[in-house]
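> Listed here are the chains, written in short residue letters.
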Amino acid sequence: MSISIVNISKSYKNVKALQNISFDVKEGELFGLIGPDGAGKTTLFRILTTLLIANEGTATVAGYNVISDYKNIRNSVGYMPGRFSLYQDLTVEENLNFFATIFGTTIEENYDLIKDIYVQIEPFKNRRAGKLSGGMKQKLALSCALIHKPKVLFLDEPTTGVDPVSRKEFWEMLKRLQQKGITILVSTPYMDEAELCDRIALIQDGEILEIDTPKAIVKHYPKSIYNVRANNMYLLINSLNDYKHNHSVYPFGEFVHYTDNRTDFNPKELLVYLESKDLANIEIEETVATIEDTFMELAK
Amino acid sequence: MSINKVIQVEDLTKMFGDFTAVNSITFDVEKGEIFGFLGANGAGKTTAMKMLIGILSPTAGEATVAGFDVFTNAEDIKKNIGYMSQKFALYDDLTVKENITFFGGIYGLSKSKIKEKSNTLIEDLGLEKVANQLVGALPLGWKQKISFSVALLHDPKIVFLDEPTGGVDPITRRQFWEMIYKAANHGTTVFVTTHYMDEAEYCDRVSIMVNGKIEALDTPKKLKEQFNAATMNDVFLKLARG
Numbered sequence: 001m002s003i004s005i006v007n008i009s010k011s012y013k014n015v016k017a018l019q020n021i022s023f024d025v026k027e028g029e030l031f032g033l034i035g036p037d038g039a040g041k042t043t044l045f046r047i048l049t050t051l052l053i054a055n056e057g058t059a060t061v062a063g064y065n066v067i068s069d070y071k072n073i074r075n076s077v078g079y080m081p082g083r084f085s086l087y088q089d090l091t092v093e094e095n096l097n098f099f100a101t102i103f104g105t106t107i108e109e110n111y112d113l114i115k116d117i118y119v120q121i122e123p124f125k126n127r128r129a130g131k132l133s134g135g136m137k138q139k140l141a142l143s144c145a146l147i148h149k150p151k152v153l154f155l156d157e158p159t160t161g162v163d164p165v166s167r168k169e170f171w172e173m174l175k176r177l178q179q180k181g182i183t184i185l186v187s188t189p190y191m192d193e194a195e196l197c198d199r200i201a202l203i204q205d206g207e208i209l210e211i212d213t214p215k216a217i218v219k220h221y222p223k224s225i226y227n228v229r230a231n232n233m234y235l236l237i238n239s240l241n242d243y244k245h246n247h248s249v250y251p252f253g254e255f256v257h258y259t260d261n262r263t264d265f266n267p268k269e270l271l272v273y274l275e276s277k278d279l280a281n282i283e284i285e286e287t288v289a290t291i292e293d294t295f296m297e298l299a300k
Numbered sequence: 301m302s303i304n305k306v307i308q309v310e311d312l313t314k315m316f317g318d319f320t321a322v323n324s325i326t327f328d329v330e331k332g333e334i335f336g337f338l339g340a341n342g343a344g345k346t347t348a349m350k351m352l353i354g355i356l357s358p359t360a361g362e363a364t365v366a367g368f369d370v371f372t373n374a375e376d377i378k379k380n381i382g383y384m385s386q387k388f389a390l391y392d393d394l395t396v397k398e399n400i401t402f403f404g405g406i407y408g409l410s411k412s413k414i415k416e417k418s419n420t421l422i423e424d425l426g427l428e429k430v431a432n433q434l435v436g437a438l439p440l441g442w443k444q445k446i447s448f449s450v451a452l453l454h455d456p457k458i459v460f461l462d463e464p465t466g467g468v469d470p471i472t473r474r475q476f477w478e479m480i481y482k483a484a485n486h487g488t489t490v491f492v493t494t495h496y497m498d499e500a501e502y503c504d505r506v507s508i509m510v511n512g513k514i515e516a517l518d519t520p521k522k523l524k525e526q527f528n529a530a531t532m533n534d535v536f537l538k539l540a541r542g
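Residue numbers (my numbering), protein chains in the order written: chain C, 1 to 300; chain Z, 301 to 542.
Treat the hints with care, as some may be off.
[What the hints assert, rightly or not] Just a few of them, taken from the derived set where beta-carbon distance is under 7 Å, the chain Z residues facing chain C: (1) L440; (2) R474; (3) H495.
[To be verified] Label-pair ranges, simulated between beta-carbon atoms: (4) C:Y70 / Z:Y391: 55 to 63 Å; (5) C:E269 / Z:F316: 43 to 51 Å; (6) C:K131 / Z:S412: 37 to 45 Å; (7) Z:A530 / C:R128: 38 to 46 Å.
[Claimed, not checked] Anything over 12 Å on all C-beta distances counts as not near chain C; from chain Z, calculated: (8) N304; (9) T320; (10) S324; (11) M349; (12) L356; (13) E362; (14) K378; (15) T395; (16) P456; (17) Q475.
Don't read these hints as lab results, they were simulated from the structure. All residues carry an ideal CB built from backbone N, CA and C; glycine is no exception.
So that you can see chain C by itself, here it is in the shape it has in the complex (with noise of 0.2 Å):
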């Protein structure tokens, strides 16, 4: 195992932050922590990058425990916190030099790791970190988190705030890492990233809620799930959510998910409810159930 989690528990005063979570991360699998924002993700990488204590429980990293052998961690694992954390006032080359220097390492021994992505950056190396843009920023960062070539790799939150675009670039170099044999553990808040990763762990409020699969998460959700549409959205959501027999309804693009509490639903007669809301070209449809829709319900 490449991350092996056993019963951690971490509490901030009041706030449990992360409540008895255990899982294993496989050598080479590029795995996924899924959750809002508070949900305890950046606690829990702190936690395995050793610079933060659990309460209970204990963690190894690519064969280390996180507290006896916390110096060799350091060494084996790569770490690109979700704030900026690089040096402003250093340009893009000093802080590559920097981060390649304390590892004991140079840019040319580990080049070949980083190449796709510096060269990217690479015609602005003399520019102060500072003074990049968002995703230069990003890539930098991934950059410096690799110079070393670490076994393991954490990503906490790297697209978050980042256009779908820039999302998709990457996820793509992600898998190109994945391929060079670095074990990933990412983090996202976003639900369709979910499905680029090998296996998943939906968490929130600091509770694991299910790890599997994408494919087998979703093929979990116990509900028959349909795809709601008409001709005003706003009056679509209120009518449903006035429905006496829903049991969800959260809109989905241009359409909304809509689950009934009943095992004999049929969709003749919530069209018919709907018709008498005044709703006109009303379309009901069964859909497939997506990793959010599993979110939700298993957050409810």
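Starting from the structure of chain C, add chain Z where the hints point.
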């Protein structure tokens, strides 16, 4: 200004030295419309928005917001709009009630009005138990909902929302959008940026900025037809890669 056009923008341009951040953009937003303002990081959205809310002076072009000119009446714009972003929302070291009172005061509401609004807001959001707690201790999703309500305290004609739902959990994110629908239904114009492409689908119309220009502007349905795409995410990927 036409009665129903709450934002009118024509050839609006902003240059920083030789760099054209916003390049001659033109669009209108109608009363009660939910207008999605999309674009990749660095496309010029924030610069454009800063001009519309009266805190950055344009280089060229014309724009009126809530009937006021961005060049000559920027102060009036600030009084007549609401604004919230993920980065700046509420003061963490004030309580929920104190934040409401503070922002009510900033917008010149009377004490009795602030009290009335404060009670309604706390009741609508079910915040009775946390009304006297520091905002810093609340979950992000709550903060964002409170922040949106605070941005509406002075009944502005338009509210500008800059990535209001980033990082917010999926259920709260949807509750937030129900609040947006409700405000729009009452005639408030909503101007919103987001990186969640499902949220782009909730907008009445969507514009997509690429390298300082508006490259597409229409209803989500028509944009999908125009770009032969199944979802707004596909539209965005086709366009914004530039």
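> If a hint holds in the structure, say so; if it does not, say that too.
Here is how each hint holds up against the structure:
1. L440: 4 Å, holds
2. R474: Holds: closest Cβ of chain C sits about 5 Å from R474 of chain Z, inside 7 Å.
3. H495: Hint on H495 of chain Z: holds, closest Cβ of chain C at ~5 Å, below 7 Å.
4. C:Y70 / Z:Y391: 55 to 63 Å: Violated, at about 38 Å.
5. C:E269 / Z:F316: 43 to 51 Å: 59 Å, violated
6. C:K131 / Z:S412: 37 to 45 Å: 49 Å, violated
7. Z:A530 / C:R128: 38 to 46 Å: 42 Å, holds
8. N304: 19 Å, holds
9. T320: Answer for T320 of chain Z: holds, closest chain C Cβ roughly 16 Å.
10. S324: 22 Å, holds
11. M349: Per Cβ check, M349 of chain Z is outside 12 Å of chain C; nearest 15 Å; holds.
12. L356: 18 Å, holds
13. E362: 28 Å, holds
14. K378: 25 Å, holds
15. T395: Check passes; 17 Å lies beyond 12 Å.
16. P456: Check passes; 20 Å lies beyond 12 Å.
17. Q475: Given that some Cβ of chain C is not farther than 12 Å from that of Q475 of chain Z, nearest at about 10 Å, it is violated.
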